[in-house]
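J.: Listed here are the chains, written in short residue letters.
Protein chains: 2
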Amino acid sequence: MKNLPLAKVYQFLEPGPVVWLTTARKGRANVMTMSWHMMVEFEPPLVACVVSNADHSFAALRATKQCVIAIPAAHLAQKVVDVGNCSGRDVAKFEKFGLTPLKAARVAAPLVAECFANFECKVFDGRLVNKHNLFILEVVQAWTDPGQRHPKTIHHHGYGKFVVDGEAIRLKSRMR
Amino acid sequence: MKNLPLAKVYQFLEPGPVVWLTTARKGRANVMTMSWHMMVEFEPPLVACVVSNADHSFAALRATKQCVIAIPAAHLAQKVVDVGNCSGRDVAKFEKFGLTPLKAARVAAPLVAECFANFECKVFDGRLVNKHNLFILEVVQAWTDPGQRHPKTIHHHGYGKFVVDGEAIRLKSRMR
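Residue numbers (my numbering), protein chains in the order written: chain A, 1 to 176; chain B, 1 to 176.
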């Protein structure tokens, strides 16, 4: 994994890919599938996400205030669904689905070796957790896998329908 | 425009497309380009978005507590950039870029006739506006254009690079 400048994190999340969120609590790692996230600030990168309080990850994220956001490329789509269709209450998901946890630099939650981008996060603002299950995270360390070039991501349209990235277009723009 | 059940709104926003946000204040309509949005609740549909306080739309949204989120298909990409590259302070964007405002049912902000989906929104929770420019909106009325079938959307990767929707895949999933 290669260090990614924090100023570039938004370029990976702004397009709205399905991501994984990992946590670790009492030495036990977990991973969930998540699509409800958005950028809040460029730098330091702040990311908002919604984790249902019915999810096993919710308690771990609230208690430890740490997580990793990992982005799987399209070839991992079946694992994305598998991870999303069970709970860490019942299943050791890394083992069951053949995902490889890697030690992160600044948080206890693991990176996912199979993902092309991994962002280590700490909870920055928890004021909307109780009302909306909404966490604002700060990305404190970011990694990409130089071995995965131009990976295509997947975007969830509901009920297992995903749209894979298609062609890229470049338009002259002053927008960051 | 055809009425869309509110329970289906998330299927349009969860994939993370670039959208337009329209406002109307003192009889003057405006539109901005936005990528920082996410779902917060299925039903009633709540949507979070970040609108920079440097944007002309920020003051209108905060004052009127109403807006429309409109989703342009990929063929509108150049207009998406044009709208994003200027400010409503200086430009009457609907006129300048040939966009057609339509009267909404429940908010003063206009629908965009060229868009395949239009969601009328009211500010539901403004607690994070001052700190993070983050609004939580409730979608109170939703419309789609039956004339635009299976429209492809665009996703922003920064600096005018957009990725267009590619192939759709369907996997057996229990995830809503």
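Calculated from the structure, these hints are not laboratory results.
Incorrect hints may have been included.
If several chains are the same, the list does not tell them apart, and a pair holds so long as it fits within one copy or across any two.
Stated by the list, open to error - Once the Cα atoms are required to be at most 30 Å apart in a straight line, the calculated DSS-like pairs of lysine-lysine come out as:
hint : residue 1 : residue 2
1    : K8        : K96
2    : K172      : K65
3    : K103      : K26
4    : K96       : K131
5    : K131      : K152
6    : K103      : K131
7    : K26       : K172
8    : K65       : K79
9    : K172      : K96
10   : K161      : K103
11   : K8        : K152
12   : K122      : K79
13   : K26       : K161
14   : K152      : K26
J.: None of the hints should be skipped; say for each whether it holds.
T.: Each hint tested on the structure:
no.	hint	verdict
1	K8 with K96	neither (32 Å within a copy, 32 Å between copies)
2	K172 with K65	neither (40 Å within a copy, 32 Å between copies)
3	K103 with K26	within (15 Å within a copy, 55 Å between copies)
4	K96 with K131	neither (33 Å within a copy, 41 Å between copies)
5	K131 with K152	neither (34 Å within a copy, 34 Å between copies)
6	K103 with K131	neither (32 Å within a copy, 33 Å between copies)
7	K26 with K172	neither (49 Å within a copy, 32 Å between copies)
8	K65 with K79	within (26 Å within a copy, 41 Å between copies)
9	K172 with K96	between (46 Å within a copy, 18 Å between copies)
10	K161 with K103	neither (32 Å within a copy, 32 Å between copies)
11	K8 with K152	both (17 Å within a copy, 26 Å between copies)
12	K122 with K79	within (25 Å within a copy, 37 Å between copies)
13	K26 with K161	neither (35 Å within a copy, 42 Å between copies)
14	K152 with K26	neither (34 Å within a copy, 44 Å between copies)
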